[in-house]
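Novice: Sequence:
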Amino acid sequence: MNNRPKNKITQIFNNQKAFIAFLTAGDPSLDKTEEFILAMDRAGADLIEIGIPFSDPVAEGPVIELANSRALNAGATTDKVFEMVKRVRQKSDIALVFLTYMNPIFVYGVERFFKTCQESGINGIIIPDLPYEEKGEVLEIANAYQVDVITLIAPTSQDRIQMLAKDATGFIYLVSSMGVTGVRTEIKTDLKAIIADVREVTETPVAVGFGISTPEQASEIAIIADGVIVGSAIVKLIAQHGEDAAEILSAYVKSMKAAII
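In case it helps, the numbering used here puts the sequence shown at residues 1 to 261.
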């Protein structure tokens, strides 16, 4: 299932609201990550965002930061994550996106990293510490290997929203709130206004993440956005239930997907 078409990610938004689930690879083990991805796929997730464990995940709150530490302590490496993805690809056609930082990509080697992404069946990548002005360092190589570099837009991007959005591919990751990842009881950002600005310059789908954890929140977001991203709530379930989390994750994903239909 390699050499997947570049528009694989955009296709998940066709005529539906997409549910995007995040987990950290290797937490509690890479075998369990494979099992959890397949369980969430069967439960209705449209795209899985896989965090490559890293010792300095600056965009992450304490829940995902601890997941990174657990995965690294359990022996997860970038090569082992790629091997896990290849095993998933033998069983599932779900869209897969990495979340990682520039340091692991540079250490691995930029061209080697994206070549292995394509060979493994990764469709896109989110790099929170890659500034727009410096994305040329990876964009040409990522394009050559048909890996979408997902554009992040934050509430503070007001003066730059349309510049950031106009050449986005895959989907746009709209950050709901300032700060790091983590469950929030209330989202106060005027997401509707930001999405309106985005849609003036691009038809690329917009998915909202950061802070969403309940079906009620997901339902409200899905009214104005094309997709909903949930990370910390899922990682928290994995932390609570460990190797036995698959059934719990399946039930959770079903409830969230049902809320946005």
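To be clear, the hints were calculated from the coordinates, so they are not data collected in a lab. Just so it is clear, CB atoms sit at the ideal spot from N, CA and C, and this is done for glycine as well. Just to be clear, a hint being listed does not mean it is correct.
Said to hold, decoys possible - Cross-link-like lysine-lysine pairs, in silico, DSS-like; alpha carbons within 30 angstroms at most:
#: 1; residue 1: Lys135; residue 2: Lys86
#: 2; residue 1: Lys192; residue 2: Lys115
#: 3; residue 1: Lys115; residue 2: Lys135
#: 4; residue 1: Lys91; residue 2: Lys8
#: 5; residue 1: Lys8; residue 2: Lys166
As the list claims (entries may be wrong) - Taking CB as the label site, the calculated pair distances span:
#: 6; residue 1: Ala258; residue 2: Gln90; range: 42 to 52 angstroms
#: 7; residue 1: Lys91; residue 2: Ser255; range: 18 to 28 angstroms
#: 8; residue 1: Glu247; residue 2: Glu200; range: 15 to 25 angstroms
#: 9; residue 1: Gln90; residue 2: Ala144; range: 36 to 46 angstroms
Novice: Taken at face value, is the distance from the CA of Lys86 to the CA of Lys135 at most 30 angstroms?
Specialist: Status holds; Cα separation ~27 angstroms.
Novice: Is 15 to 25 angstroms respected by the C-beta to C-beta distance linking Glu247 and Glu200?
Specialist: Given a distance of about 44 angstroms, which is not inside 15 to 25 angstroms, the answer is violated.
Novice: Is 18 to 28 angstroms a correct range for the gap between the Cβ atoms of Lys91 and Ser255?
Specialist: holds (24 angstroms)
Novice: Compare the distance between the alpha carbons of Lys192 and Lys115 with 30 angstroms, and conclude whether the hinted pair is satisfied.
Specialist: violated (37 angstroms)
Novice: Given the range 36 to 46 angstroms, decide if the beta-carbon distance of Gln90 to Ala144 lies inside it.
Specialist: violated (25 angstroms)
Novice: Is the straight-line distance between the alpha-carbon of Lys8 and that of Lys166 30 angstroms or less?
Specialist: holds (19 angstroms)
Novice: Checking one constraint from the list: CA of Lys91 to CA of Lys8, max 30 angstroms. Satisfied?
Specialist: Holds: Lys91 and Lys8 sit about 17 angstroms apart, inside 30 angstroms.
Novice: Is 42 to 52 angstroms respected by the C-beta to C-beta distance linking Ala258 and Gln90?
Specialist: violated (29 angstroms)
Novice: Sort out whether Lys135 lies within 30 angstroms of Lys115, counting only the CA atoms.
Specialist: holds (17 angstroms)
Going through the hint list in order, the structure does not satisfy hints 2, 6, 8 and 9.
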